[in-house]
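Novice: Work the whole structure out from these sequences, hints included.
Protein chains in written order, with the numbering used here: chain D, 1 to 264; chain P, 1001 to 1353.
These aren't lab readings, by the way, just hints derived from the structure by calculation.
C-beta atoms are modelled at their ideal positions from N, C-alpha and C, and glycine is treated no differently.
Partner residues are not named here, just some residues of chain D that face chain P (Cβ under 7 Å, in silico): (1) Val72; (2) Pro88; (3) Trp90; (4) Gly132.
Now the in silico label distances, taken between C-beta atoms and shown as ranges: (5) D/Leu69 <-> P/Ala1231: 18 to 28 Å; (6) D/Arg12 <-> P/Val1224: 39 to 49 Å; (7) D/Asp170 <-> P/Leu1219: 57 to 67 Å.
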Amino acid sequence: MTAIALHDVTVRLGGRPVVDRVGATVARGEWVALIGPNGAGKTTLLRAIARLVAFTGSIVLTGRPSSELRRVELARLLAVVPQEPATPPWMTVAEYVLLGRTPYLGPFAKEGRRDREAAAAVLGRLDLAGYGERRLGTLSGGEKQRVVVARALAQEAPIVLLDEPTASLDIGHQQQALELLDALRVEAGLTLVAAMHDLTLAAQYADRMLLLDGGRVVADGPPRDVLVEETIARHYDASIDVVPVDGRVAVVPRRTRNGQSSRS
Amino acid sequence: MSATAAETSEVRARGLGPLGAFAAAAFLLVSVVVALLVGPIGLGVGDVLESAAARLRLPGAVSPLTPTEEAILWEIRVPRVALAAIVGGMLALAGATYQGVFRNPLADPYLLGVAAGAGLGATLAIAYLPDGLRGQRALPVAAFLGGAVAVFLTYAVGRSARRERDAATFVLAGVTVAAFFTALQTFVQQQNSDTLQQVYSWILGNIPSTGWPDVWLVLPYVAVAAVVILALRRVVDVLNLGEDEAATLGVNVGRVRLALVVAATLGTAAVVAVTGLIGFVGIIVPHALRLLTGVGYRALLPLSFVCGAGFLVLADVVARTALAPAEIPLGVVTAFFGAPFFAIVLRSTRVAP
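Specialist: Laid out in structure tokens, this is it:
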């Protein structure tokens, strides 16, 4: 079953197409990594899927056109982990994660037992049990990242969009965060679409990669097919080697003799 | 995924706990009692209570006060205290609301041009209306209209912005409209220097001792505004994450923000129309509470309402007694005592607002 179907999606910012006639589908339970150089349109495409920016073309989520959904219906279908989430320092972890229950509450309602159970379950799953009373301002970068993911999961949406979910983490925490997301994907049948910069890590977790450049999809397929030296060199303006490691691929930057990146 | 009962009970948002609610209510109560007892004619606590009991027709209660004292208590002091409480509560609530909605710690009821518009309305009324109309009734109406027009303009200017309409756009529009209205107001004032004194005293702000009519005038607006804002208080916490994140959590940001801003502005315009410009309440009260308690908006909004009421009741006591029989403008008192108090709170805390 298709979780996300994009057809001819175009986003113009300041008259310029930042996302240009993108077409792609994401199957339910799939992990798709959105890769591409800076300014390729990854974040804007995610924002279009979350309906945070105006677009032309069509975006269909689990069979329903996103433009026909009410905001609250959209929020029950799709959660977003932004690149730089707002984490008010005075807010407690419990309060923050409970905000994820907003789609299930009317504008005048407050959280009930069911909502607190859902939040507690997510906190437990993310090794954050006992963190409920902590203020966001006292958390480390890794803890904060997990709390933001917890808020998105408390939303209980089948699709989760992540924008650079590991950008601020060290390599150990990157691995932990991605392992966790992958485990949750399997457990809860989540569909994940994540914009990622680290190609080697992305290749290890993603089922499929969508390479964007200049707002267009220039490659779409399993990591092995997308991470090809020629392709990466052309679109990233980088010189790299793609090295097979135990059946996976690693992307290794290559330094040329004179220290300049070489483009042949 | 499932959680034990113990884990679940630990996961809750800090609402208005019994301790906070009690402390805030006690503060307001003490303020009101002090304000009722203090004045040119001293009234005893017991006498006031017995008089209240008699008014409530409790069996066996007879007021020990003379008819003059009765009149002073029920026709002057009680309505003045009630008005101060309503005005203070509204200004503090509106301040906290603007701060939450616009994610701007410096936002207060005077943002969005409310004060400038009300000031222009009042100045026009004082300068140009014939003497017979200038009195008690016309001035509040003119101020209210001016405030409402200013906010409407702010909203129109903000909406006309071609770029994405975020909170900052409306703040900038408010500053623009306020600057324009202030210029107009100064111009009118200069052209009519004979009424300068009257305009000036209105701008400084005071709680009038005009009895119940002013209370009944502002109460409906403040009641509606407070009900709307307090009902939406959880959503203000969501808005504090920013527009995009609030939207992805299913909040219709534009509609909720409009409801909150309209409510806060209507309430503010109504009280400003009656009392003139009383500054600082909308900034000092919410910030002091935030620093003292560290709670989110869902608790901060009701706390601001109650403590703002107590704060202005006390400030009004100072205003009418410090230099008795002369009165100090209330706006001067709120700034004179509020600012140092806020500095102390700021200094003695390490929790960032």
